[in-house]
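Build out the structure end to end from the sequences listed, making use of the hints.
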Amino acid sequence: MVGIKSYGVYIPRYRLTGALLREAWGSGPAKGERALANHDEDALTMAVDAVENCLMDGGVSAVDAVYFASASAPYLEKSCATTIAAVADVREDGVAAADFGGSLRAGTAALRAAADAVVAGSAREAVVAAADCRLVAPGHPLEGVLGDAAAALLISADNPIAVINRIHSVSAEFMDIWRCAGDKFLKFEDAKFILEKGYGAQLKRALDGLLDRCGLARDAPAKVVFYAPDAAGLKAQTKALKVKPEALLEDPLLDTVGNAGNAAPFLALAAALDSAEPGDRIVMLGYGGGADAVLVTATEAIRDYDNPRGLRAHLAARRELPAYTKYLRFRKLIDTEEIFPFSPYPLVWREQKANLARYGKKCNRCGTFSYPPQRVCRNCDAKDDFTDEKLSRTGKVFTFAKDHLFPSADPPVVMVSADMDGGGRLYAQLTDAAPDSAGVGMKVELCFRKLHEGGEHFNYFWKFRPPLIED
Amino acid sequence: MGAPGSVAVIGVGMSKFGENFDMSYTDMLVDACCEAFEDARVEKSRIEAAWLGTYLPYAWNIEGVSGSSLAEPLNLFPIPVTRVSNYCCTGMEAVRGAALAVASGEYEVALACGVEKMRDVTSRGSLVSQHIERGHPYYCKGRTAPGIFALMATRYMHEYGITHETLSKVAVKNHRNGAMNGKAHFQRVITMEQAEKAPFVVEPLRLFDCCPTTDGAAAAVVTTVENAKKLKGKDFSVIRGMGLAVTEGYFTVQMTPSFTFTGFRATQKAAEAAYKQAGIKEPKKEISCAEVHDCFTITEILNYEDLFLAEKGEGWRMIENGESALGGRLPVNPSGGLKSFGHPIGASGVRMIAEITNQLRGRCGERQVEGAHTGIAHNLGGPGAVATVFVLGKPE
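So the sequences go chain by chain: U and S.
Counting from 1, position 196 in the first sequence corresponds to residue 196 in my numbering; the numbering is continuous, with no gaps.
Counting from 1, position 348 in the second sequence corresponds to residue 1348 in my numbering; the numbering is continuous, with no gaps.
Keep in mind that a hint or two might mislead.
Claimed, not checked - So, partial list: chain U residues that the calculated Cβ filter (under 10 Å) puts toward chain S:
| no. | residue |
| --- | --- |
| 1 | PHE340 |
| 2 | PHE342 |
| 3 | LEU347 |
| 4 | GLU351 |
| 5 | ASP403 |
| 6 | LEU405 |
| 7 | PHE406 |
| 8 | PRO407 |
| 9 | VAL413 |
| 10 | GLY423 |
| 11 | LEU426 |
| 12 | ASN459 |
| 13 | PHE461 |
What the hints assert, rightly or not - Only pairs whose alpha carbons sit at most 27 Å apart, straight line, appear in this in silico DSSO-like list of lysine-lysine:
| no. | chain 1 | residue 1 | chain 2 | residue 2 |
| --- | --- | --- | --- | --- |
| 14 | U | LYS383 | S | LYS1269 |
| 15 | S | LYS1312 | U | LYS396 |
| 16 | U | LYS443 | U | LYS396 |
| 17 | U | LYS78 | U | LYS184 |
| 18 | S | LYS1183 | S | LYS1044 |
| 19 | U | LYS187 | U | LYS197 |
Please keep in mind that the hints were generated in silico from the structure rather than gathered at the bench.
Source: prediction; values computed, not measured.
Virtual Cβ for every residue (Gly too), placed ideally from N, Cα, C.
See the structure below:
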């Protein structure tokens, strides 16, 4: 049976609070908060984090497909799925990497494609990552409602924790939210019109169609989770779908994460799976130009499933954005100093095994580990006699400095030289941390982030951050 | 034939150091070289070969790419001129090239000149942008020159328990010395309070912990000791030892697990080599003054230890108890150092050798180190990657 073997989420640490928005604009409710991608994050980096949290250091040798879904991918033309595959260390040959976009239904479309591929046998396992980091014009009421986040699923026939029973799709031509090529901000149709003829109508058609085809009664699912644009939409849809109260999520994540676009139904599914018992049926509804309804049933395997880097840990690791102007800088909504470092692509390509998948070299003669890779061993002079070995993701700060010179959207840049667990030392930026929290001996973990836009492309590399889970 | 003891510095010169908005690269070069010719009492036509040190040509101008940048403004044709670059050791690398050439017997009189024009752009646009925009696109993005030394300061303070005040004392001392030097970039004393309250550049380093971005040129004429005696009697210095060491540094040192962040192996190795050539066995006792690479205040403290002028972990005591001040046991940076003299990269090493030469000749006026008989000059570059040490002495 094909289903979900593991799932992962990623919620950025920063929270943009209603109180801060009210302070900035003098209007709007001073309550709630939304997850906010840091200045060095985008849909791709968040997806990488979610995929890592999904794979949980498990092997990727059976992964034959990597799908990335987003309505806010950093590139309009250039695959992000291949970057995710390279970072996750998925081999190149025999792997289908694909990008799904253009709609809020890209995520569930990718899930459908992945499930179909595993069912058809064209992929043994498939990774699906959905992420969004969408923008409205500053001051727009949805500024405090849209949230940035990512989620990932590993689809497999190998002992899934939840079987995918059926996916039912409704495809309808409809304008509700859009962004033309070149637009920075989302555009919207009339909210009431959308609720009545778009979102409200189409989600119901998808759910009804799914239950009908599966021969299930409306109250059969233990949980019904669905995309909701905002609190009003959630309320209206709950009523329209006639979902029993106990089938709703206790926390629909709108006041904590916000409307996370393509990641939203996956985050809701993760919340439902977190508390699912074997045999529980869960319906997940995605929306955008129609709707997708997915029915999954938890298996016995879910009893033993434990992912410490899950929703709860991400919701707990929050840091309030101290000033609205920082948000403007993070999203480049105001002009600030820009840097254009040298970054010739042949160099980037040549070194991707070291820089994306974090491979260093371990000397076959003396065991010395080098990162970045060396050709002549620093310890014993052996030449080209190494075995590839990964730099670990965790380490401890040996020394650090807070740089007020290096241009940043979130100064000062805290530079850290840390001894990595398992060998090697890395010198890189510390992100997601209050500068004053840095110290010698501090534990850190690596995260994949956007460094700069030199060479007129996005340059991603690793940074340190405080561990998601404190000891 | 070896260089130690056989090569002399017979004339030195330098341009005004500072923000020389009204001077070009060649203006400064001509000032420095012509002053050195005059001081050496040699005609320009006596120069048989020359070395030009400029760290970063092409960043802002084409000057300094090749030896022609020295030959053209001086009309010094068609002798061989070699341009060298070796991070912040560039200036001493020029002197080293000239000294080795004289020692080899190939030439009798040679010129070394270091020039750097840094302030045709903002100080932020010069070295800072080098670190930000050049170099590897990923490794160490976020590093700046003060950022590297701030890592050292954090670790040194962590290990030995000193506070920032000790660093400020280095700045106060070097400003006091620079105030007695008419060619220094900064010629004013500063107070402890000013240093302690200055804004952060890269924490824990504050503004007065950092050397400025400076324009300048310095030159030295070298010849055989035999010839020096004929030309100058006893008014010259003798190169008794030279050491250049290359170790891991720049991008790799912060990623090397064995790196302590409390000292630079390059300096230690260069010092060992130079002291051996000079026959110096107890540097603490045998050296009477030193010009060391104080690009940042913490560096001066590390240098005390790396140059074996203080025990490991004890360098900070030299500044705390006044040993390195003028009038102290071993005055360090009587010129004012990079801290107040400024640090035009290619020029600094030559300028330091000029200062020691003048100290040994007793020509330093109110900043003269009394009884100076043996001095060292030290450059450190590409944090930890390269270091040069010169031991200079008086003629017998």
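Going down the list of hints, with the structure as the test:
no., hint, result
1, PHE340, "holds, 6 Å"
2, PHE342, "holds, 5 Å"
3, LEU347, "holds, 7 Å"
4, GLU351, "holds, 8 Å"
5, ASP403, "holds, 4 Å"
6, LEU405, "holds, 5 Å"
7, PHE406, "holds, 5 Å"
8, PRO407, "holds, 7 Å"
9, VAL413, "holds, 5 Å"
10, GLY423, "holds, 7 Å"
11, LEU426, "holds, 6 Å"
12, ASN459, "holds, 6 Å"
13, PHE461, "holds, 4 Å"
14, U:LYS383 with S:LYS1269, "holds, 25 Å"
15, S:LYS1312 with U:LYS396, "holds, 25 Å"
16, U:LYS443 with U:LYS396, "holds, 5 Å"
17, U:LYS78 with U:LYS184, "holds, 18 Å"
18, S:LYS1183 with S:LYS1044, "holds, 24 Å"
19, U:LYS187 with U:LYS197, "holds, 17 Å"
In the structure shown, no violation is registered for any of the earlier numbered hints.
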